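Trainee: So the sequences go chain by chain: A and B. Position 83 (the first sequence) corresponds to 83 in the numbering used here; numbering is contiguous. Position 426 (the second sequence) corresponds to 426 in the numbering used here; numbering is contiguous.
Simulated from the structure, these hints should not be mistaken for laboratory data. Owing to the predicted nature of the structure, the values given are computational and were not obtained by experimental measurement. Ideal placement from N, C-alpha and C gives every residue a C-beta, glycine not left out. Please note: incorrect hints may appear among the correct ones.
[Said to hold, decoys possible] Here are the in silico distance ranges between beta carbons for each label pair:
#1 A:127 - B:131: 45 to 53 Å
#2 A:22 - B:406: 33 to 41 Å
#3 B:420 - A:131: 47 to 55 Å
#4 A:78 - B:313: 58 to 66 Å
#5 A:25 - B:386: 40 to 48 Å
#6 A:14 - B:63: 35 to 43 Å
#7 A:130 - B:354: 40 to 48 Å
#8 B:386 - A:22: 35 to 43 Å
#9 B:104 - A:124: 26 to 34 Å
#10 B:291 - A:7: 42 to 50 Å
[What the hints assert, rightly or not] If you want the ones that stay clear, here's a sample from chain B, every Cβ over 10 Å from chain A, calculated:
#11 34
#12 41
#13 49
#14 52
#15 109
#16 168
#17 169
#18 292
#19 312
#20 400
#21 444
#22 455
[What the hints assert, rightly or not] Derived DSSO-like pairs: lysine-lysine, alpha-carbon spacing no greater than 27 Å straight-line:
#23 B:94 - A:59
#24 A:52 - A:6
#25 B:94 - B:64
#26 A:59 - B:41
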Amino acid sequence: MTDRGKSLLCPRCEGGFVPADSMPPLGDWNGTPYEGALDAAVSLYAYNDAMKTCLRQYKFLKDAALAAVFSDALHHAEILKGRTAVPVPMHPVRLVERTFPQVEELLVQAGIPYAPLLEKTTALNLGRLGRKERMASDPLFRLADGAEVRRADYVLVDDLYTTGTTLHHAAHVLKKSGARSVAALTLIRA
Amino acid sequence: MQVPCSENSVQRGRGGIGIHDELQKFLQGRIWLRELLPVGKEEAGDLIREGLIGTVPGVATIRKWHGGTHSRCSRCLTEDARHFHAFNCRKCGKVCRYCRHCLNMGRVAECDELVYWCGPERRTACNAVLTWEGRLTPLQERAAGELEESLLDGKPHLLHAVCGAGKTEILFRPVHRLLSEGKRVCIATPRTDVVLELLPRFEKAIGGTVIHGLYGGSGNGEGLAGLVIATTHQLYRFREAFDAVIVDEADAFPYSFDRTLRLAVRKALKPGGVLAVVTATPSPAILSEIGREGRRSVIPVRFHGHPLPVPRIVPLFGYRKRISAGKMPERLKAWTEERLKRKEPFLIFFPSVPLMEQCLPLFSHLDAGIGAVHATHPDRRDLVMALREGRIPGLLTTTILERGITIPRLQIAVAGSENVVFDRSAIIQISGRAGRSPEHPDGDVVLFHHGVTPEMDAAVREIRRLNREGVKTIGLPAL
Numbered sequence: 001m002t003d004r005g006k007s008l009l010c011p012r013c014e015g016g017f018v019p020a021d022s023m024p025p026l027g028d029w030n031g032t033p034y035e036g037a038l039d040a041a042v043s044l045y046a047y048n049d050a051m052k053t054c055l056r057q058y059k060f061l062k063d064a065a066l067a068a069v070f071s072d073a074l075h076h077a078e079i080l081k082g083r084t085a086v087p088v089p090m091h092p093v094r095l096v097e098r099t100f101p102q103v104e105e106l107l108v109q110a111g112i113p114y115a116p117l118l119e120k121t122t123a124l125n126l127g128r129l130g131r132k133e134r135m136a137s138d139p140l141f142r143l144a145d146g147a148e149v150r151r152a153d154y155v156l157v158d159d160l161y162t163t164g165t166t167l168h169h170a171a172h173v174l175k176k177s178g179a180r181s182v183a184a185l186t187l188i189r190a
Numbered sequence: 001m002q003v004p005c006s007e008n009s010v011q012r013g014r015g016g017i018g019i020h021d022e023l024q025k026f027l028q029g030r031i032w033l034r035e036l037l038p039v040g041k042e043e044a045g046d047l048i049r050e051g052l053i054g055t056v057p058g059v060a061t062i063r064k065w066h067g068g069t070h071s072r073c074s075r076c077l078t079e080d081a082r083h084f085h086a087f088n089c090r091k092c093g094k095v096c097r098y099c100r101h102c103l104n105m106g107r108v109a110e111c112d113e114l115v116y117w118c119g120p121e122r123r124t125a126c127n128a129v130l131t132w133e134g135r136l137t138p139l140q141e142r143a144a145g146e147l148e149e150s151l152l153d154g155k156p157h158l159l160h161a162v163c164g165a166g167k168t169e170i171l172f173r174p175v176h177r178l179l180s181e182g183k184r185v186c187i188a189t190p191r192t193d194v195v196l197e198l199l200p201r202f203e204k205a206i207g208g209t210v211i212h213g214l215y216g217g218s219g220n221g222e223g224l225a226g227l228v229i230a231t232t233h234q235l236y237r238f239r240e241a242f243d244a245v246i247v248d249e250a251d252a253f254p255y256s257f258d259r260t261l262r263l264a265v266r267k268a269l270k271p272g273g274v275l276a277v278v279t280a281t282p283s284p285a286i287l288s289e290i291g292r293e294g295r296r297s298v299i300p301v302r303f304h305g306h307p308l309p310v311p312r313i314v315p316l317f318g319y320r321k322r323i324s325a326g327k328m329p330e331r332l333k334a335w336t337e338e339r340l341k342r343k344e345p346f347l348i349f350f351p352s353v354p355l356m357e358q359c360l361p362l363f364s365h366l367d368a369g370i371g372a373v374h375a376t377h378p379d380r381r382d383l384v385m386a387l388r389e390g391r392i393p394g395l396l397t398t399t400i401l402e403r404g405i406t407i408p409r410l411q412i413a414v415a416g417s418e419n420v421v422f423d424r425s426a427i428i429q430i431s432g433r434a435g436r437s438p439e440h441p442d443g444d445v446v447l448f449h450h451g452v453t454p455e456m457d458a459a460v461r462e463i464r465r466l467n468r469e470g471v472k473t474i475g476l477p478a479l
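Could you build all of it, start to finish, from the sequences and the hints given here?
Mentor: Here it is in structure tokens:
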């Protein structure tokens, strides 16, 4: 008699989301200082119109309630098993503007424990930059105060994989600090 | 223009007045998210301290009679607990609720502030001119006079006019009269299509005043408008703005179903402002809105004096099964072929999008030009335009086209009229699409059904009754 275990979406809306057809191409980064920073990468959904609408409502209309929509999918993601989840952080200024951390909120709603190990150094918006500029940008992350990276397996979690700049920068910081392996899970492959 | 941050108070003062002026034109009568104001943060803070702008918390906590509390959105006035979501807010550092009901207009949370203009009120210019030169029929003339009188007396008014009675023309003179007295008027309607149709007609008919057309995706308009033509949803963004609000097509979805839209209309009225309702099918909810002291004008005939087409009721039993099997129901096929042969434009209404899309290939067999439209169809406007210009023979549609569409010689069929979406008022509106031009005052309206419903009967009865009344008023022969 409860709604437990049922999807939050109607079948029609849910049907609009399609699984990603290709995995993020990590080979693009060969020959850069970030080569090999990421050991594996998985995206759950393709960036189609339904997903664009959903993400727009979540991030730009700040509809935090939508975080729960992806709980099930995240919960069943194989790549999270046996690895410590590390959400890709937002810059504190951006966080106050958005009022909630979009990636952490996804994990909270899915009931996945996570370690906030990273800190964003710049409030710059990558979305405004071209592909080349993105791939050549200065370091975007540093280790958070008091964060302790062990010789363990980590998985970075983010909403979008576009060129992979964000994730490679974040993975680089973790690897440098002693992580054994770093994988990436993104909701969407753009 | 950006005001330079300088210590020179004279310069600041001058810049401030310019900003005041522009901001007042924008904000007077509106209720707006503070962070979305078109001025800088400091200026907004200054104006609030000076008492020119008032603020209210975005989501208010209301104490109930039983001691419990609930939330109310200060913009859309919803109090439904399902419309609120609580989250851990990093802006205020607390658990904060926000309204999901009016989310598309920019999120309103507990820690957000809504602002409104509470400085001296600016009057709109009184130099509106009526450039419309058409003539009204005696019945329209009488209704226009009655409406004008009610609006000036501050009495609510119901204008009950059949489809094709020329409702818009009736509004011109009363609206012009109010505008020329320096009053602010709003014509609100539940449908964007109706806003898009009314706006050019009013722009042509009334000159010398600023007219804004507001709907989801339109801009906010420049300057202080005397006349605002808006969807009822846009009235969420107004507060004590208008001396008169005229709700057109008040029986249309979702106005009659959504209580907050009716509250929004009330909120948009100034204290002592007056409400008028225009409709072809007054529902009990509308009648109660007008109340006991409200006045009423009825126009039972169309402007060309011909009676309304009475729908024919034709059985189409088991049509769903046939359509699922990929076959066209015979009677529907015969009707469509007849229309194609006579080259008459036609609309076929379907109760749901999936059924309509299932049918589209069957119709494409008869004529490849036949298209289908629904609310989220990307080229909806183009297809309707193509039908109007005769580039395509006919359209399949959902109830989205039940009102506001005028095409000469249009023929109508409803496939599956037993469905709940075709209630009395929907069938009356749909029948009203036929026979609208004086040259072709009759048209075929067919209700294809899998069982007759009381709503279908009620609609036919109502149309017959209006036709009888129409005959009494102008003495034309009955059908």
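Trainee: None of the hints should be skipped; say for each whether it holds.
Mentor: How the hints compare with the structure:
1. A:127 - B:131: 45 to 53 Å: Given a distance of about 48 Å, which is inside 45 to 53 Å, the answer is holds.
2. A:22 - B:406: 33 to 41 Å: Violated, at about 50 Å.
3. B:420 - A:131: 47 to 55 Å: With Cβ atoms ~52 Å apart, the hint holds.
4. A:78 - B:313: 58 to 66 Å: Because 59 Å falls inside the window, the suggested range holds.
5. A:25 - B:386: 40 to 48 Å: holds, 44 Å
6. A:14 - B:63: 35 to 43 Å: Since residue 14 (chain A) and residue 63 (chain B) have Cβ atoms about 39 Å apart, the given range 35 to 43 Å holds.
7. A:130 - B:354: 40 to 48 Å: holds, 42 Å
8. B:386 - A:22: 35 to 43 Å: holds, 39 Å
9. B:104 - A:124: 26 to 34 Å: holds, 28 Å
10. B:291 - A:7: 42 to 50 Å: For residue 291 (chain B) and residue 7 (chain A) the Cβ distance comes to about 45 Å; the hint holds.
11. 34: holds, 14 Å
12. 41: Since the minimum Cβ distance to chain A is about 13 Å, residue 41 (chain B) lies beyond 10 Å and the statement holds.
13. 49: At roughly 23 Å from the nearest Cβ of chain A, residue 49 (chain B) sits farther out than 10 Å, so the non-interface label holds.
14. 52: Holds, because the least Cβ-Cβ distance between residue 52 (chain B) and chain A comes to about 27 Å, which exceeds 10 Å.
15. 109: violated, 7 Å
16. 168: holds, 35 Å
17. 169: Its Cβ never comes within 10 Å of chain A, the nearest being 40 Å, so this holds.
18. 292: The claim holds: residue 292 (chain B) sits with its nearest Cβ about 42 Å from chain A, beyond 10 Å.
19. 312: Nearest chain A Cβ is 35 Å from residue 312 (chain B), so the label holds.
20. 400: holds, 17 Å
21. 444: Nearest chain A Cβ is 34 Å from residue 444 (chain B), so the label holds.
22. 455: holds, 27 Å
23. B:94 - A:59: Holds. Residue 94 (chain B) to residue 59 (chain A) sits at ~20 Å (cutoff 27 Å).
24. A:52 - A:6: With a Cα-Cα distance of about 23 Å, the restraint between residue 52 (chain A) and residue 6 (chain A) holds, given a limit of 27 Å.
25. B:94 - B:64: Since the Cα atoms of residue 94 (chain B) and residue 64 (chain B) sit roughly 23 Å apart, the hinted pair holds (cutoff 27 Å).
26. A:59 - B:41: At roughly 23 Å apart (the allowed maximum being 27 Å), residue 41 (chain B) and residue 59 (chain A) satisfy the hint.
Hints 2, 15 from the list above are not met by this structure, while the remaining hints are.
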